[in-house]
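Novice: The chain contents come next:
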Amino acid sequence: MTSFAKPHINLKHAKRNALGLTRHDYEGAMSTLCAGCGHDSVTACMAKAFFELSIEPHRAVKISGIGCSSKTTAYFLSESHGNNTVHGRMPSVATGAAAANAGLTYIGVSGDGDSLSIGLGQFAHAIRRNVNMLYMLENNGVYGLTKGQFSASADIGSKSKKGEVNLSPPIDPVTLALSLGATFVARAFSGDREQLVPLIKAGLKHNGFGLIDVISPCVSFNDHVGSTKSYAHTYKYYHPAVHADYVPMSEEIKTSYAAGEAVPVELHDGGSIVLRKLDEDYDPRDRGAAYAQIAERDAKGEIVTGLLYIDESREDMAAMNKLTSRPLNTFPYDELCPGSDALTALQKGFR
Amino acid sequence: MSTPKSTPGINDFVIKLANVNGTGSASANGLLMKSIFRMGVPVVGKNVFPSNIQGLPTWYEIRVTGAGYGARSGNVDMMVAMNANTYARDIAELRPGGVLIYDSTWPRQHVLSRTDVTVLGVPLAQMCNAAFKVARSRVLMKNMAYVGAVAALLSIDVEVIRTLVREMFAKKPKLVDLNMQALALGYDYAMEHFECPLPFKVERLNETKNKIMIDGNTAAGLGCVYAGATVGAWYPITPSTSLMDAFKKWCEKFRIDPKTGEHNYCIIQAEDELAAVGMVVGASWNGARAFTPTSGPGISLMSEFIGFAYYAEIPLVLFDVQRVGPSTGMPTRTQQADVQMCAYASHGDTRHILLFPAHPGECFTMAADAFDLAERYQTPVFVLSDIDIGMNDWMVDELEWDDARQPDRGKVLNAEQIESLEQFHRYKDVDGDGIAYRTLPGTHPKGAYFTRGSGHNADGNYTENEAEYQEVLDRLVRKWRGAADHVPAPIVKKAKGGKARWGILAYGSSDCAVLEACDTLAAEGLHMDYMRIRGFPFSDEVSDFVMAHDHVFVVEQNRDAQLRGLLLLETQIPRAKLLPLLHYSGEPLTSHFVHEHIKDAARQEKSA
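Which chain is which? The protein sequence lines are Y and S, in order. At position 154 of the first sequence the residue is numbered 154 (the numbering used here), and the sequence of numbers has no breaks. Each number in the numbering used here corresponds to the 1-based position in the second sequence with 1000 added.
Simulated from the structure, these hints should not be mistaken for laboratory data. Even for Gly, the Cβ is constructed at its ideal location relative to N, Cα and C. Hints are supplied without guarantee of correctness; some may be wrong.
[Claimed, not checked] Over 10 Å on every C-beta distance to chain S, these chain Y residues come out as not near it, computed from the model:
1) 14
2) 24
3) 147
4) 247
5) 279
[What the hints assert, rightly or not] Incomplete in silico selection of chain Y near chain S, CB under 10 Å:
6) 28
7) 59
8) 62
9) 83
10) 89
11) 100
12) 104
13) 318
14) 323
15) 335
16) 340
17) 349
[Claimed, not checked] Restraint-style ranges between C-beta atoms, simulated for each label pair:
18) 1547(S) to 320(Y): 52 to 60 Å
19) 1409(S) to 325(Y): 20 to 28 Å
20) 349(Y) to 1489(S): 28 to 36 Å
21) 1409(S) to 269(Y): 27 to 35 Å
Starting from the given sequences, assemble the full structure and let the hints guide the process.
Specialist: Written out as structure tokens, the structure is:
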């Protein structure tokens, strides 16, 4: 089987963004995932977010690991470079790429197997470094390509398609990320685009590592009765706690939010993320409190979603390394090589 | 095997210092060696140290060689025995007629039983305890005290040592006085109690002009700066750590904007080697010159990404400062046992480019070459150094840099070039040399492609089609073969006077031992041609050299004759032509070892 290009049709009256591009300009190859896969919805949301943010497709970089979710980087932004790396190692490639050129927009796409089992180490350390990227973790609790083994995010008591019951405790990327010092932590559901698209936009604009843990059901291996990652289960238990909207610098923050309800968070690019609390007693600016609430509600089986934590004050990797604002990959050679005179001079220390 | 028999002479002898790790001996020993170097006399220094922070035995060997040989000779003419735990073996190692110096604060008559060596006791601890108040100083200053005694015995110019002390402690003037005092203690004691100098000693020469003393890791780190590398990712591992330390040091000197304090380099200490190489893949893919220094265990972990970089055609520069394997092995001892692993690292059909520096000077030049080759061929390139080259100070020619040199960034299309294309084909052999054009992210919408380690066709699209898959795989091997004439060429040293029947092949840190053995053998009437291999894939020159001789010894520092194996796999050379000559104890190769083996082979041939 080879890959299929998607026919590119631009409708005359299609909505155009600030660059004059339409939604179709943000699409990619035809998906080869199963019909009804949650990941395809997430792909559409990512394309829409890039479109709405008017990011030039070729100034975006898509990086992924191995697995169904990681394949999806081929299914949007066909005019962006994509790098489908090796299993569990997307974060390191993204880290190196971001070091070489901090001027592009980086989106990493991964799954629960890729991020929480084989790639748990790299996932954790990319968070610690606060690499400026958005990390999409398409979470379905199961290994799809190898036909239905539990992943590390499977809940205790969740049943596999063959009826096996999972006994090991799950790794929750959200609380894990909070404990590692993540600066943007969100959880979403592939079935709720109204929530997900604004979250992706906010995550792309956040300066530093943004995590969106998207519950994205696997229709082939984990959508049955007894599974806690099925569509039915997620629809029943998911609960938006905080809504987030990205507002560019040019736009005034709308005053339609009731006072006390909307909290704008200023971003490095001059824009803001406006937070709307749907749960009054939830505070996405307090790491400790957020952690406690999520852990408590997770334990009850509730799936808390939305922008669960944000901190714009921490330096990202580029700032921590005092990188110049000019991308490292653009420096002309004569600015990098110290030359023969310097070599002669420094060798006095070796005599 | 017999021990070497040559007698020591003026500027021709070996001092070995047996110390306890963590007692500050390394800097004193380095200073002793450098003082001889500054007297214009060539030196060879080998630090044989344990994988330990404090307490285990450690040795430092200084060969004084007016003739300018670069290897260990195999002799020990003077032993400075400062470690009671190793007295027995240290004394046994001394050549008959040699000199033993020990701390006579505690009499050791029962172990100092050899009658064929001269035993000189210096009450180092006693003198230092009397002279210094602080406990740590009493330990540290014993080192400078024995340096003083050795200087007196070997006629080393004390003024030269004093200058070095002042330079070493320029920022800590208090230590200058302490060290000077300790130096005088040892010097005066020796002058008073022994007949100084000994029959073998140092005499000023003018053989170190335009030479420097530098270790390979420092030189390689400097080479990366000169090559224009901007991203370095690594995970700490002995013995490669000092390479990144050096890169950092030179970057702090040359790559920080004095006005803004901004860096035009990024060094990332990764969580493991898997991540370190992944970061290099990401940075190189994105158009920066990036590298990772590691050692054998790191290459094992990096293998998956190495295969990815090979197949997805991403430049990758790896420094493997080899240490003793298998597994954790002996982390501070030397070997050349990663050759085959690096040549074919990763699963599937993979072949890589290898460079073999023989000394720190080549670590500098080959670091720069590695980036050019990696970018030209869009593939992993390994610089296979080892701990002997990487961590010992070697006397080498002053490093040179040609300011006209421009980096070979390979076939990277810019925005205008992409714009003018009808369509961009990432993996198409446009020029017939097996090297396709690549584009960098962010350049142009038409230049976008999908980089993958899965089966792909000439456009980079996923494929499971037989012909499309094979087209790419076949081009990869054509591309790799094309590198044979662009890796550093072999260096041949022909035997004097006519055609030699036998030859020697060697690479890397075996070079100096082989060069000296060739001289010794020639003096005995056995003339050998010698070729030093500096890169893989092998050029035709290598096969031609072997075919022109009856037999060729392949000198290597591993058990399994790994380079010989590569020669048999990659060339048509008949097996019987290549005779393995293997040294894999973990200690740097001696010229004596090479000489004896070849002499034995010659003897056997005669008697057969």
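Novice: Determine for every hint whether it applies to the structure shown.
Specialist: Taking the hints in turn, this is what the structure says about them:
{"no.": "1", "hint": "14", "verdict": "holds, 18 Å"}
{"no.": "2", "hint": "24", "verdict": "holds, 14 Å"}
{"no.": "3", "hint": "147", "verdict": "holds, 18 Å"}
{"no.": "4", "hint": "247", "verdict": "holds, 26 Å"}
{"no.": "5", "hint": "279", "verdict": "holds, 35 Å"}
{"no.": "6", "hint": "28", "verdict": "holds, 9 Å"}
{"no.": "7", "hint": "59", "verdict": "holds, 5 Å"}
{"no.": "8", "hint": "62", "verdict": "holds, 9 Å"}
{"no.": "9", "hint": "83", "verdict": "holds, 4 Å"}
{"no.": "10", "hint": "89", "verdict": "holds, 5 Å"}
{"no.": "11", "hint": "100", "verdict": "holds, 4 Å"}
{"no.": "12", "hint": "104", "verdict": "holds, 5 Å"}
{"no.": "13", "hint": "318", "verdict": "holds, 8 Å"}
{"no.": "14", "hint": "323", "verdict": "holds, 6 Å"}
{"no.": "15", "hint": "335", "verdict": "holds, 7 Å"}
{"no.": "16", "hint": "340", "verdict": "holds, 4 Å"}
{"no.": "17", "hint": "349", "verdict": "holds, 9 Å"}
{"no.": "18", "hint": "1547(S) to 320(Y): 52 to 60 Å", "verdict": "holds, 57 Å"}
{"no.": "19", "hint": "1409(S) to 325(Y): 20 to 28 Å", "verdict": "holds, 23 Å"}
{"no.": "20", "hint": "349(Y) to 1489(S): 28 to 36 Å", "verdict": "holds, 32 Å"}
{"no.": "21", "hint": "1409(S) to 269(Y): 27 to 35 Å", "verdict": "holds, 32 Å"}
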